[in-house]
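Taking the hints into account, I'd like the entire structure generated from these sequences.
For what it's worth, my numbering labels the leading residue of the sequence shown as 1, then goes sequentially.
Note that these hints are calculated values from the structure, not bench results.
Everything numeric in this text was worked out from a predicted model, so none of it was measured.
Quick reminder that beta carbons are idealized off the backbone N, C-alpha and C, glycines included.
Some hints here could point you the wrong way.
[Claimed, not checked] Restraint-style ranges between C-beta atoms, simulated for each label pair:
id, residue 1, residue 2, range
1, Pro182, Arg149, 25 to 31 Å
2, Leu65, Pro174, 28 to 34 Å
3, Pro82, Asn126, 22 to 28 Å
4, Pro174, Asp121, 41 to 47 Å
5, Ser50, Asn156, 27 to 33 Å
6, Ala200, Lys261, 47 to 53 Å
7, Asp84, Asp22, 43 to 49 Å
8, Arg15, Arg62, 27 to 33 Å
9, Pro218, Arg15, 34 to 40 Å
10, Asn156, Gly81, 21 to 27 Å
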Amino acid sequence: MTELCRLCGGLATERFRHRVLDKYDARYSECASCHSLQTEPPFWLDEAYSVLDATPDIGFMRRNLLMSALTAEALRAAGIGPDDLCLDWGAGFGLFCRLLRDSGFNFHAYDKFSQSRYAWDKRIQNPAGIAPRVITAFEVFEHLPDPARDLEELFNFRPELLIFSTEIYNRQAPDWWYFDPPTGQHVFFYSRAALEWIAARHGYRLVFLDPAWAFVRPESPLQAGPWVQSGLDSLLHELKSDPWRWVGRDYEAFLAARRAKAPSPEP
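See below:
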């Protein structure tokens, strides 16, 4: 059976099937043009996300710590400063946003499905009209049911950097862990060629940050590099030398907002 690729519009042919959510027999089809893999149109997503709290995100803390260190170092290399607006798209619990704010970057959180409890005071309800210099989207792309449309929404912001992570599809066997059929939330798997296609389509270049990726505007100085190790070194130095500098800034802002909302004392 064939269908159209939801990313590039190429012809996708069924490669195998999986039992999604342990109940739906779903097709997984590979695109002959961009070499990505997609599930059949994921009609089960509402159900998949309704049991989100019952699905442990194994590696959540480790991933946020590593990606925050990598991102902070990459942003410094790109000349991103403490006043430049940055947006974590698909922020989830908001831990990544909070870690980057604690490292001195002006991050805000956006997520359609989460209250972003660790960054609730920096949540953006509707990102329309803002102009972030940086967007991050870690472990988001594989969840997009219509990647052509959904990625268009991100690129319409024209950020200087769009830093993201997703596991690269390279014709892995059907038992590849990243397909994750029991949760039903991973519905599109990108090849390296697909990422290059996305970059070219939107006028960006693709940069490997090892292990993350970035879509980078041509004028940005950011280059490929081992950003995790250098980021961890910088984070350790920062924690030892001045651990409360940026934390204090946000705490004072929180107190000021709280005072502004407090009722006036009775005469």
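Quick rundown of the hints versus the structure:
A beta carbon spacing of about 27 Å between Pro182 and Arg149 agrees with the range 25 to 31 Å that was offered as a hint. A hinted range of 28 to 34 Å for the beta carbons of Leu65 and Pro174 is consistent with their spacing of about 31 Å. For Pro82 paired with Asn126, a C-beta distance near 24 Å keeps the hint of 22 to 28 Å intact. Taken as a hint, the range 41 to 47 Å holds for the pair Pro174 and Asp121, whose Cβ atoms sit roughly 44 Å apart.
Range check, Ser50 to Asn156: Cβ separation about 29 Å, and the 27 to 33 Å hint holds. One distance hint, 47 to 53 Å for the beta-carbon pair Ala200 and Lys261, holds here, with the actual separation near 48 Å. Distance hint check for Asp84 and Asp22: the Cβ-Cβ separation is about 45 Å, which falls inside the suggested range of 43 to 49 Å. Here the CB-CB span from Arg15 to Arg62 is close to 31 Å, well matched to the stated 27 to 33 Å.
Checked against the hint of 34 to 40 Å, the pair Pro218 and Arg15 passes, with Cβ atoms roughly 35 Å apart. Between Asn156 and Gly81 the beta carbon distance is about 24 Å. The supplied range of 21 to 27 Å therefore holds.
Taken one by one, the earlier hints all hold for this structure without exception.
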